[in-house]
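*Asks:* This is what each chain is made of:
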Amino acid sequence: MQIEEELNEQLFDNLVSFLRRSHSAFQEKTTEWTCRMKSREIPTAALVLGVNVTDHDFTFRSLSEVLQNNVTPYIALLEAKDCPGIKNLMQKLLGQLMNCCIDVDSSEEEDYEQVSRNRVRCSMTSLINWYESATKRTDSETPGKKRTSSRHWQSPPVVVIFKDMESFTTKVLQDFVVISSQHIGQFPLVLIFGIATSPMIIHSLLPHSVSSLLCIELFQSLSCKDHLSTIIDKVLLTTQFPLKLSEKVLQVLINIFLYHDFSVQNFIKGFQLCIVEHFHSNPLSILCCQLEEAKRRVNSLSHNQCENVRRLPSFRRYVESQVSEKQIALLTADSSLKEAVRKLLEDLNVYHENYFPILRCLHVFVSSLPKYPLGKQIRELHCACLENRVWETEEYESSLQLARMLNKSDLVTMLQKCVEILVSSPGREFDEIVEKLKEFLTQFQKLEEAFQERDESISPQKELQKKTNLFHLQKTLLELKESRRSKKLTKFETLRFEVVDYIDSLVRCYLVPADHKTLHEIVYFNTASVLREHLNAAPRIALHTALNNPYSYLKSEALKSDGGSISNKAPDICIAYKLHLECGRLINLVDWLEAFSTVVTAAEGPTADAASSDQVDDVIHARFIRAVSELELLGFIKPSKQKTDHVARLTWGGC
Amino acid sequence: MPILEHPAYPPATLLCLESLVPCRESQVSMLLSIFGERQQLSFPSIFIYGHTSSGKTYVMKTLLNTLELPHVFVNCVECFTSRILLEEILIQLQNRSETKGASPVPCDTFNDFVRLFKQALVSQNLQDETVYVVLDRAEQLREMEANILPAFLRLQELTDRNVTVILLSEIVWEMFRPNTGCLEPFILYFPDYSIGHLQKILSQNHPPEYSADFYSAYINILLGVFYMVCRDLKELQHLAALNFSKYCEPVVRREAKERDTRKLWKNIEPHLKKAMQTVYLREISSSQWERLQCEEGEPGQIKGLSAHAHVELPYYSKFLLIAAYLASYNPVRTDKRFFLKVKGFFFFLYRNPIFSITVRRVCQSRILLFVSKLISVMFSWLCVISLSVVQKLDLTVQSLAF
Numbered sequence: 001m002q003i004e005e006e007l008n009e010q011l012f013d014n015l016v017s018f019l020r021r022s023h024s025a026f027q028e029k030t031t032e033w034t035c036r037m038k039s040r041e042i043p044t045a046a047l048v049l050g051v052n053v054t055d056h057d058f059t060f061r062s063l064s065e066v067l068q069n070n071v072t073p074y075i076a077l078l079e080a081k082d083c084p085g086i087k088n089l090m091q092k093l094l095g096q097l098m099n100c101c102i103d104v105d106s107s108e109e110e111d112y113e114q115v116s117r118n119r120v121r122c123s124m125t126s127l128i129n130w131y132e133s134a135t136k137r138t139d140s141e142t143p144g145k146k147r148t149s150s151r152h153w154q155s156p157p158v159v160v161i162f163k164d165m166e167s168f169t170t171k172v173l174q175d176f177v178v179i180s181s182q183h184i185g186q187f188p189l190v191l192i193f194g195i196a197t198s199p200m201i202i203h204s205l206l207p208h209s210v211s212s213l214l215c216i217e218l219f220q221s222l223s224c225k226d227h228l229s230t231i232i233d234k235v236l237l238t239t240q241f242p243l244k245l246s247e248k249v250l251q252v253l254i255n256i257f258l259y260h261d262f263s264v265q266n267f268i269k270g271f272q273l274c275i276v277e278h279f280h281s282n283p284l285s286i287l288c289c290q291l292e293e294a295k296r297r298v299n300s301l302s303h304n305q306c307e308n309v310r311r312l313p314s315f316r317r318y319v320e321s322q323v324s325e326k327q328i329a330l331l332t333a334d335s336s337l338k339e340a341v342r343k344l345l346e347d348l349n350v351y352h353e354n355y356f357p358i359l360r361c362l363h364v365f366v367s368s369l370p371k372y373p374l375g376k377q378i379r380e381l382h383c384a385c386l387e388n389r390v391w392e393t394e395e396y397e398s399s400l401q402l403a404r405m406l407n408k409s410d411l412v413t414m415l416q417k418c419v420e421i422l423v424s425s426p427g428r429e430f431d432e433i434v435e436k437l438k439e440f441l442t443q444f445q446k447l448e449e450a451f452q453e454r455d456e457s458i459s460p461q462k463e464l465q466k467k468t469n470l471f472h473l474q475k476t477l478l479e480l481k482e483s484r485r486s487k488k489l490t491k492f493e494t495l496r497f498e499v500v501d502y503i504d505s506l507v508r509c510y511l512v513p514a515d516h517k518t519l520h521e522i523v524y525f526n527t528a529s530v531l532r533e534h535l536n537a538a539p540r541i542a543l544h545t546a547l548n549n550p551y552s553y554l555k556s557e558a559l560k561s562d563g564g565s566i567s568n569k570a571p572d573i574c575i576a577y578k579l580h581l582e583c584g585r586l587i588n589l590v591d592w593l594e595a596f597s598t599v600v601t602a603a604e605g606p607t608a609d610a611a612s613s614d615q616v617d618d619v620i621h622a623r624f625i626r627a628v629s630e631l632e633l634l635g636f637i638k639p640s641k642q643k644t645d646h647v648a649r650l651t652w653g654g655c
Numbered sequence: 001m002p003i004l005e006h007p008a009y010p011p012a013t014l015l016c017l018e019s020l021v022p023c024r025e026s027q028v029s030m031l032l033s034i035f036g037e038r039q040q041l042s043f044p045s046i047f048i049y050g051h052t053s054s055g056k057t058y059v060m061k062t063l064l065n066t067l068e069l070p071h072v073f074v075n076c077v078e079c080f081t082s083r084i085l086l087e088e089i090l091i092q093l094q095n096r097s098e099t100k101g102a103s104p105v106p107c108d109t110f111n112d113f114v115r116l117f118k119q120a121l122v123s124q125n126l127q128d129e130t131v132y133v134v135l136d137r138a139e140q141l142r143e144m145e146a147n148i149l150p151a152f153l154r155l156q157e158l159t160d161r162n163v164t165v166i167l168l169s170e171i172v173w174e175m176f177r178p179n180t181g182c183l184e185p186f187i188l189y190f191p192d193y194s195i196g197h198l199q200k201i202l203s204q205n206h207p208p209e210y211s212a213d214f215y216s217a218y219i220n221i222l223l224g225v226f227y228m229v230c231r232d233l234k235e236l237q238h239l240a241a242l243n244f245s246k247y248c249e250p251v252v253r254r255e256a257k258e259r260d261t262r263k264l265w266k267n268i269e270p271h272l273k274k275a276m277q278t279v280y281l282r283e284i285s286s287s288q289w290e291r292l293q294c295e296e297g298e299p300g301q302i303k304g305l306s307a308h309a310h311v312e313l314p315y316y317s318k319f320l321l322i323a324a325y326l327a328s329y330n331p332v333r334t335d336k337r338f339f340l341k342v343k344g345f346f347f348f349l350y351r352n353p354i355f356s357i358t359v360r361r362v363c364q365s366r367i368l369l370f371v372s373k374l375i376s377v378m379f380s381w382l383c384v385i386s387l388s389v390v391q392k393l394d395l396t397v398q399s400l401a402f
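If you read the sequences in order, they're chains A and S.
What the first sequence shows, in full-length UniProt numbering, is residues 1 to 655, in sequence order.
What the second sequence shows, in full-length UniProt numbering, is residues 1 to 402, in sequence order.
No wet-lab data here; the hints were simulated from the structure.
Treat each hint with caution, since some may be false.
[Unchecked claim] With a straight-line cut-off of 30 Å between C-alpha atoms, the simulated DSS-like cross-links for lysine-lysine are:
#, chain 1, residue 1, chain 2, residue 2
1, A, K171, A, K92
2, S, K318, A, K376
3, S, K234, A, K171
4, S, K318, A, K371
[Said to hold, decoys possible] If we take Cβ atoms under 7 Å as the criterion, some of the chain A residues that face chain S in the derived model are:
#, residue
5, V51
6, I86
7, K87
8, D175
9, V178
10, I179
11, T197
12, S198
13, L258
14, Y259
15, H260
16, D261
17, F262
Note that the coordinates shown come from a computational prediction; the quantities given were computed from them, not determined experimentally.
All residues carry an ideal CB built from backbone N, CA and C; glycine is no exception.
This is chain A alone, in the form it adopts within the complex (with noise of 0.2 Å):
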């Protein structure tokens, strides 16, 4: 699915713009400490990356590649599970540097002997060996290699990267910082630290006596609702793919994204599962896709596939606001049906090609309002015009009072933005808002000018009146006051008006609710309810249905029971679990035992029921010891300290 793709490159060339930003001035710090080797500090960079853990993976992949590509082929990626020890950390590292030099050299047998041999010895004294003879062979190999030579420096730095600094143990962390700062004079060495939290750990967790042998550099990432609105932004907001999300799932993706985690990766993915879905469940999802490849399918439409189309509601509206013989036609004949596809089909894309600008116009008016009526973010206001009628609802009316309220400044500066918007955008109807709006900025100006001058006519009034007593000088001051600022507010209101007027018709005319538009089903994906299922999921709904009802899991004919009563096909884990749900808190287990056997053996007809009335089974009985336990391995009971041969309920009303 291209779609996916490109939308993991946008992803990945946001970051790398961002770390190739971190890296540079990261290339210039490393080049000045060398020319500065007076004291000796271990240049460190933090990466401040915030709380959205599950992101970082992703970031450390692309910054290692990075480093890779244009500064050292000695990087180690250091994660705290892997280093409880200072050993385990001297072992992660030198085996990665190891290894990542095999890989440049592309290597002869002989490397592996040393490497293995080294490996023995897992000491900072081996390190620099190492270090040593891996720069001195590439330098003995540069003519051969002039190309790797010119990416990497004369002597590349070796990089550690701390993926979780916080997780590390403090001692670990000192003493290798302690070490490392006793050879820092005798190989580069360059440290990133990967912090989730706050900068100030890093004081926290080392004291002074080892930071002051750090030369800490702060870098932050981008925060990751930044980070989202661009994805949103540059992915949702465009025409660029067919593919678009209704309101409520939007809704449900951007709660989870807030609510829970701040994981752009988890975004992502959750767009992927929603085109997946898309295209898994909508039998029509085949003419979602580019206009020119849409209309082309549109031929190829099959009879029953034309079926479906009929069927969908918002064609049925359609076809019922035509008149009778239209009607007849569309509902009948299957040709003129894909004519109208077709242009119904244009007809939406215009629609999103007029949609998108004119949100980021009413986006520009409403961002800047105070209190914020229709939301900060543009994906608040998106989210707003995708519900309803956007010009229905309260906010909107506040939000245009406020409008109303605006200054002159402000407003020209918003009608400038809207402009280079909708000029940027490829829309063909805008060329008419375009010259409306330029209209309103040149009679601003003129507004300004006539005040201006306004201004300078009055002055000469004023003199006159100053012959006439002190009475009527003050009452025709006063009035000519008023008329004044009647006059000059009236000229500029009505403008004001007049613009944010205007704007109203703007987005009565383009900011349509998309499932007001015929054929919406086909481009958005509106099951908010699986979305939701997948990805809030509930554990323990699950258990219970799995263990109450197998059949919904294990399909299979004989576990299709009918209400309460229990059969004796079920997994012994479900017969013990429903048991247990008729007992109460304290379950007593040779009880649990007699009417576990005698579901089981239930339909073994009256002779083995008679036979097994006193003595369990064997087998049995081992079959429901294992059901107990795994029952307490799910949780649903525990050993119960009180009386040796009960279990406690753990779960729903043990009461």
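Start from chain A and add chain S according to the hints.
*Replies:* What follows is chain S alone, placed relative to chain A:
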């Protein structure tokens, strides 16, 4: 007048040594008299302690190097296991004469070490000289196997060779002494440098472009500002190097002469104070500081580490964290009041001696739950807090709410 005198060494070397170790003459002469002549048996172990950067390592290194005594110098932090430590000593011993040593010998126990050590001494022709084994940051030895420290202390006895072990540490000998007892080393204390000493040492290596007087005036100012907060020689050296270019600025611009101390002081003093607030605390790194000096820009341009103290958290995690934090302050006894909803029935239960235990246990497990939640959440803004934890919490609460 030379202070160091010893019949075994030529006076020229001693003079050189004396110039290299300022303010530590008495300690050095003490050490020399302990060491005696090359072939004389020395004290089996010497323990040297003193505060950070009081010159222990430096003095030992220069002493052994200038007098060209056979020695091994090992940093114990670097050798994090006893095996690496022992092997390191052997390797250094073997590498003394030839440039590149033989392959490292595996040496797992101290017994092996003693054997190999003797072999190495023979192969290096060091039988009739005192060999010095210096263990820097010896406090790490305490964390290794129990036999390492006592064995090193009586290495002379074990190997039956002329060897002296010197331990360097920042903590006193009393903290070392193992429970089982050991050979007491000779203890030598390196006192902290006084301000006069610091002045003398720092002024010693002045940059060649400027006169010694000029530099020592600068050091004087520097110490005036920093001596209150920092007596670490290394740190002071670092700061001196960082800020010297700023100090020289008026001289370079020919606004002031080298002797114009007052003017220079006025120029540098606010600058140093700023440095104390930023560089010394490692708020901004020294390279950033240098860049700042070059640019002469606003100090607010580069934000320190503490400027980014704000942490953004997802909505639910924030409230979970706050709730856990608040709950962790509840005393245990109020727990049943806060968390048991159905009062009457549970009150009865609580009164009832049979059930009260269970209720209390549940309450305790609750507080445990909250505390553990607190801990887990604190660390799990690193892990995925999100769905799973919230639902797990939900599940657990459900299970506890019987």
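*Asks:* If a hint holds in the structure, say so; if it doesn't, say that too.
*Replies:* Each hint tested on the structure:
| no. | hint | in the structure |
| --- | --- | --- |
| 1 | K171/A to K92/A | holds, 17 Å |
| 2 | K318/S to K376/A | holds, 22 Å |
| 3 | K234/S to K171/A | holds, 22 Å |
| 4 | K318/S to K371/A | holds, 24 Å |
| 5 | V51 | holds, 5 Å |
| 6 | I86 | holds, 5 Å |
| 7 | K87 | holds, 6 Å |
| 8 | D175 | holds, 6 Å |
| 9 | V178 | holds, 5 Å |
| 10 | I179 | holds, 5 Å |
| 11 | T197 | holds, 5 Å |
| 12 | S198 | holds, 5 Å |
| 13 | L258 | holds, 6 Å |
| 14 | Y259 | holds, 4 Å |
| 15 | H260 | holds, 4 Å |
| 16 | D261 | holds, 4 Å |
| 17 | F262 | holds, 5 Å |
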